[in-house]
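Trainee: If you want the building blocks of each chain, they are given just below.
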Amino acid sequence: MRVVVVGAGIIGACVARAAVVAGCEVVVLDRDQVGSGTTSRGEGNVLVSDKPPGPELDLALASRRRWQDLGDELGRDALELESKGGLVVATSQAALEPLSRLAAAQREVGVEVEAVTDPTHVEPFLTPEAAGAQWYPQDAQVQPVLAAAAVLADARRRGVQYRPGTEVAAARTGQDGRLRGVVTTSGEVIAADAVVNCAGTWGGVVGRRLGGEVPVLPRKGFVLVTEPLPPSVRHKVYSADYVANVAASTEGLETSCVVEGTRGGTILIGASRERVGFDRSMSPLTVQRLAAQAVALFPFLAGVQLLRVYRGFRPYCPDHLPVIGPDPRVAGLFHACGHEGAGIGLAPATGDLVAAHLTGLDPMLVAGVDPAPFLPERLLRIPEETS
Amino acid sequence: MTAEDRRAHTRAHTRADLLVAGGGPAGLTAAATAASGGLSVVLVDSGHALGGQYWRHPPAGAQMSGTDGFHHDLTAYRSLVDTISGHAETGLVDLRLGHHAWTVRRDEDGIELHVVDRRRPGADRAVVLRGRRLLVASGAYDRQLPFPGWDLPGVYTAGALQALLKGGGVAAGRRVLVAGTGPFLLPVAVGLADAGVRVVGVHEANDPRRWLRHARAVAALPGKAVEGVEYAAALLRHRIPVRVRSTVVAAHGRERVEAVTVARLDRDGRLIEGTQQRIAVDAVGVGWGFTPQLELAVSLGCELIGSEDGNAVVDVDAWQRTSVPGVLAAGETTGIGGALLAGLEGRLAAEGLLREVGCGAPSVRLRPVRRAVARQRAFSRAMREAHPVPAGWPAWLDDETTICRCEEVRHRVVREAVASGASDGRQVKQLTRTGMGWCQGRICGFAVECLARGEVPGVAAPAPASERLVAAPLTLGALARLPSHEVE
Amino acid sequence: MSTSTFRFDGTDIAFVPGQSVGAALVAAGRPSWRTTRHEGSPRGLFCGIGVCFDCLVTVDGFPNERACLVLAEAGQQVSTQEGSGHDR
Chain A
0 MRVVVVGAGI
10 IGACVARAAV
20 VAGCEVVVLD
30 RDQVGSGTTS
40 RGEGNVLVSD
50 KPPGPELDLA
60 LASRRRWQDL
70 GDELGRDALE
80 LESKGGLVVA
90 TSQAALEPLS
100 RLAAAQREVG
110 VEVEAVTDPT
120 HVEPFLTPEA
130 AGAQWYPQDA
140 QVQPVLAAAA
150 VLADARRRGV
160 QYRPGTEVAA
170 ARTGQDGRLR
180 GVVTTSGEVI
190 AADAVVNCAG
200 TWGGVVGRRL
210 GGEVPVLPRK
220 GFVLVTEPLP
230 PSVRHKVYSA
240 DYVANVAAST
250 EGLETSCVVE
260 GTRGGTILIG
270 ASRERVGFDR
280 SMSPLTVQRL
290 AAQAVALFPF
300 LAGVQLLRVY
310 RGFRPYCPDH
320 LPVIGPDPRV
330 AGLFHACGHE
340 GAGIGLAPAT
350 GDLVAAHLTG
360 LDPMLVAGVD
370 PAPFLPERLL
380 RIPEETS
Chain B
0 MTAEDRRAHT
10 RAHTRADLLV
20 AGGGPAGLTA
30 AATAASGGLS
40 VVLVDSGHAL
50 GGQYWRHPPA
60 GAQMSGTDGF
70 HHDLTAYRSL
80 VDTISGHAET
90 GLVDLRLGHH
100 AWTVRRDEDG
110 IELHVVDRRR
120 PGADRAVVLR
130 GRRLLVASGA
140 YDRQLPFPGW
150 DLPGVYTAGA
160 LQALLKGGGV
170 AAGRRVLVAG
180 TGPFLLPVAV
190 GLADAGVRVV
200 GVHEANDPRR
210 WLRHARAVAA
220 LPGKAVEGVE
230 YAAALLRHRI
240 PVRVRSTVVA
250 AHGRERVEAV
260 TVARLDRDGR
270 LIEGTQQRIA
280 VDAVGVGWGF
290 TPQLELAVSL
300 GCELIGSEDG
310 NAVVDVDAWQ
320 RTSVPGVLAA
330 GETTGIGGAL
340 LAGLEGRLAA
350 EGLLREVGCG
360 APSVRLRPVR
370 RAVARQRAFS
380 RAMREAHPVP
390 AGWPAWLDDE
400 TTICRCEEVR
410 HRVVREAVAS
420 GASDGRQVKQ
430 LTRTGMGWCQ
440 GRICGFAVEC
450 LARGEVPGVA
460 APAPASERLV
470 AAPLTLGALA
480 RLPSHEVE
Chain C
0 MSTSTFRFDG
10 TDIAFVPGQS
20 VGAALVAAGR
30 PSWRTTRHEG
40 SPRGLFCGIG
50 VCFDCLVTVD
60 GFPNERACLV
70 LAEAGQQVST
80 QEGSGHDR
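Read top to bottom, the protein sequences are chains A, B and C.
Under numbering that gives the first Met the number 0, read the first sequence as residues 0 to 386, first letter to last.
Under numbering that gives the first Met the number 0, read the second sequence as residues 0 to 487, first letter to last.
Under numbering that gives the first Met the number 0, read the third sequence as residues 0 to 87, first letter to last.
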């Protein structure tokens with residue numbers, strides 16, 4: 000079976016690798032280069048702590064195990080995989096109770112988590128004002144572009160063909176209405192038995208070009224990068240409000256900072272979420288809020304300089320679950336996009352799910368995850384949101 | 000509420016007619032022209048004195064003497080500064096020295112320029128300035144190409160040698176060599192010699208005969224020729240050896256530079272084996288043209304175009320207006336062209352604004368200004384074409400040459416990234432950390448782009464202007480202390 | 000022309016009011032005042048105009064100030080900066 004994967008971000012790289020391992024012949028196309036879209040605009044979160052029990056957490060837990068395997072196979076350094084663990088901090092007494100309730104529920108579905116009474120023992124520079132925290136040892140981090148490049152490089156060693164700078168313009172359809180490949184913007188026809196839409200934030204556009212639009216919308220996010228420092232923040236640290244924000248689908252701006260160190264010595268402070276379409280403009284207010292929240296968590300940051308802010312667009316579906324599986328309208332078209340701010344973490348299991356869909360194997364067996372909640376059908380029934 | 004607080008409060012709730020980012024020739028001229036026409040102006044510059052790099056001056060109250068001799072057209076400078084000081088006293092001009100613009104935002108009502116007051120170490124303060132329009136006049140800095148040893152103390156940009164002289168009255172060494180390309184190397188060498196430095200050589204990588212192709216552009220500006228002749232005479236007077244098609248290919252030393260290797264270059268800029276020569280120096284200054292500072296323009300989404308020197312520059316209309324409403328650009332940000340052209344463009348920007356808002360009745364006839372601009376632009380185009388970055392420059396590098404000075408990324412690592420498929424600077428950065436440090440790729444960005452592409456960017460495909468949403472660093476504390484109602 | 004001094008790693012450096020810390024150090028024959036984070040290499044002034052951040056220095060206890068931009072002041076405490084400039 001010949002498969003065209005559209006998009007060489009972390010999702011496309013993992014889908015290509017899983018598909019070639021499953022015996023497919025694979026071509027990866029990207030209009031730019033590996034990891035140059037949303038993959039390069041995030042912190043590289045591989046989180047289980049921020050998800051309440053449900054399908055996304057199931058996918059995250061499966062994916063977390065697969066990241067471990069990838070680290071063993073490709074080398075943790077090649078991915079900059081760090082199993083650093085996450086600390087979710089209740090900044091007030093009032094936040095303590097909901098946080099421990101969430102932790103209890105997560106524990107029941109297999110998340111490792113334990114309560115911490117004095118979080119400054121875990122993070123010495125954390126504000127002494129913190130009321131308490133929950134510790135999530137499974138939370139991890141990769142350097143997303145390195146990881147995408149390493150996974151794709153491994154896929155290429157296994158025979159995947161990679162064509163950067165190639166943009167898909169339209170579908171090539173057979174008389175039976177089945178996809179037979181894609182037509183590029185330069186007019187070239189690339190034949191395929193199946194096409195997988197891994198275009199992330201642009202998944203809606205690519206879906207439309209291939210005859211199967213899916214409602215993937217952009218959500219703008221900023222990440223702050225500080226000057227390089229000696230190791231000061233050891234884990235992923237965030238305030239408990241983050242959990243509420245990730246699930247929120249209200250309009251407007253939400254910020255709740257996640258603070259963490261990187262191997263390069265910089266500290267990353269993310270991430271805001273704004274539903275403003277593809278508006279690329281700088282939002283000083285957002286940056287100001289993130290800075291204020293970070294300084295509240297780690298007072299020493301007040302004297303640390305901000306060097307860079309990067310902005311990205313997280314792809315999300317109206318129900319905040321990714322869309323993974325065959326398009327019921329166009330035979331041969333598959334989707335794997337809309338992972339919002341969690342695409343890095345969810346990528347390996349997403350690849351497995353897609354490989355199962357492509358080859359007709361049982362997804363539950365291949366990926367260890369129930370595929371049903373992610374199928375495109377669900378989005379085609381509910382009316383699309385406008386942004 | 001103190002008087003200063005009251006003033007700050009009033010300013011926060013009123014919008015100036017014009018924000019000017021940059022107090023060099025373009026910004027100064029624009030600010031003076033606009034204020035003299037009755038517009039309220041906020042003029043922001045990171046320096047401690049007005050003038051930018053070209054008219055760099057010690058701050059007010061400085062006590063060093065004798066830096067004036069390093070300057071051209073001081074009469075023009077003094078008159079502009081007097082005009083601006085006069086308007087600052089009446090409150091028409093709000094002068095913000097020592098303030099760095101760190102970001103910018105545009106909305107329906109105008110522009111919000113975010114600056115940080117960095118005059119006192121450890122006490123930086125974020126301030127929001129509001130205006131109906133913004134002139135980006137942020138100038139340029141020396142463009143650099145790495146070579147083995149360029150990270151040794153005592154190796155400077157050519158501009159640094161001049162900044163030390165003009166701003167501090169300091170000569171960086173006793174035996175100094177100047178190299179790179181472009182007419183700017185000459186005043187640097189002559190300035191040093193005038194300060195008593197032994198300039199052991201000026202090494203111009205390009206062949207001056209390249210100018211012959213642009214005879215008409217040169218002939219239209221006899222002043223430039225006279226200036227050239229004056230520099231030639233000064234070089235002769237100081238017995239400064241000038242070598243063409245030659246450059247510095249390595250610097251040597253342990254704790255600081257002790258010597259450089261210079262070599263002849265062939266037509267493609269590759270060093271000719273066997274022509275290497277070691278010269279003892281205690282300082283060296285190198286410059287390969289200039290890189291415009293486009294952070295604010297890029298953040299605002301201004302359209303850019305390619306320039307002959309491989310830079311992306313801001314595209315402007317006949318009144319220096321960019322593609323973004325309310326945003327203007329003048330000086331080096333619209334193409335490297337020197338101080339005279341910058342001043343003229345600043346003038347046009349302000350005159351255009353005065354006409355737009357109907358401030359007074361502009362009786363000024365601008366035809367001579369436009370003619371001068373056309374001649375200067377033709378000349379600067381000739382200059383950019385006559386002084387390209389030599390295509391063969393990467394041949395000077397060895398495996399261990401530092402490419403990114405901030406993150407200490409070696410050439411070997413960059414080369415491996417390129418071999419693995421990275422074909423532009425951004426991709427190399429993601430894979431190797433080049434450009435991720437303190438300077439955010441300002442110094443190594445052009446070189447990395449060359450190495451990634453395998454060729455020197457040109458007018459058709461210039462080096463992309465990096466997006467830096469944070470144009471200057473500031474502490475998170477300063478940001479956090481900025482009340483959010485000030486931002487909204 | 001009058002001069003004052005600031006302290007640099009325990010010695011007095013003379014400067015002329017109006018000079019930057021970096022200019023005064025260069026004039027005093029000291030071309031470097033920082034070592035890099037990874038390789039410990041000496042660095043000093045490079046671009047001289049606030050762009051390259053090579054001349055980072057600790058002034059009155061505040062690390063990572065650009066020596067080319069900070070004006071020298073009498074009695075200032077300037078010190079060599081190692082690595083990131085932040086102790087931990």
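Worth double-checking, as some hints may not be accurate.
[To be verified] The calculated label-pair distances, taken between Cβ atoms and stated as ranges, are:
#1 76(A) to 70(B): 50 to 56 Å
#2 27(C) to 271(B): 37 to 43 Å
#3 411(B) to 185(A): 49 to 55 Å
#4 186(A) to 275(B): 38 to 44 Å
#5 39(C) to 226(B): 40 to 46 Å
[As the list claims (entries may be wrong)] To list a few chain C residues with every Cβ distance to chain A over 10 Å, as calculated:
#6 10
#7 28
#8 39
#9 41
#10 63
#11 82
#12 86
To be clear, the hints were calculated from the coordinates, so they are not data collected in a lab.
Every residue, glycine too, gets a C-beta built ideally from N, C-alpha and C.
Trainee: So, for every hint listed, does it hold in this structure?
Mentor: Evaluated hints:
Here the CB-CB span from residue 76(A) to residue 70(B) is close to 54 Å, well matched to the stated 50 to 56 Å. In this structure the hint that residue 27(C) and residue 271(B) lie 37 to 43 Å apart at CB holds, the actual value being about 40 Å. Range check, residue 411(B) to residue 185(A): about 35 Å between beta-carbon atoms, so the 49 to 55 Å window is missed. For the hinted restraint 38 to 44 Å between residue 186(A) and residue 275(B), the CB-CB distance of approximately 51 Å leaves it violated.
The supplied range of 40 to 46 Å is met by residue 39(C) and residue 226(B), whose beta-carbon atoms lie about 45 Å from each other. Interface exclusion of residue 10(C) from chain A stands, the closest Cβ pair being 27 Å apart, more than 10 Å. For residue 28(C), the condition that its CB be more than 10 Å from all CB atoms of chain A holds, with the nearest at approximately 29 Å. No Cβ of chain A approaches the Cβ of residue 39(C) within 10 Å, the least distance being about 14 Å, so the stated non-interface status holds.
The Cβ of residue 41(C) lies farther than 10 Å from every Cβ of chain A, with a closest approach of about 18 Å, so its non-interface assignment holds. The claim that residue 63(C) is not at the interface with chain A is violated, since a C-beta of that chain comes within 10 Å of its own (minimum 6 Å). Here residue 82(C) does not stay apart from chain A, with its beta-carbon only about 7 Å from theirs, under the 10 Å limit. Not every Cβ of chain A is farther than 10 Å from the Cβ of residue 86(C); the closest lies at roughly 7 Å, contradicting the non-interface assignment.
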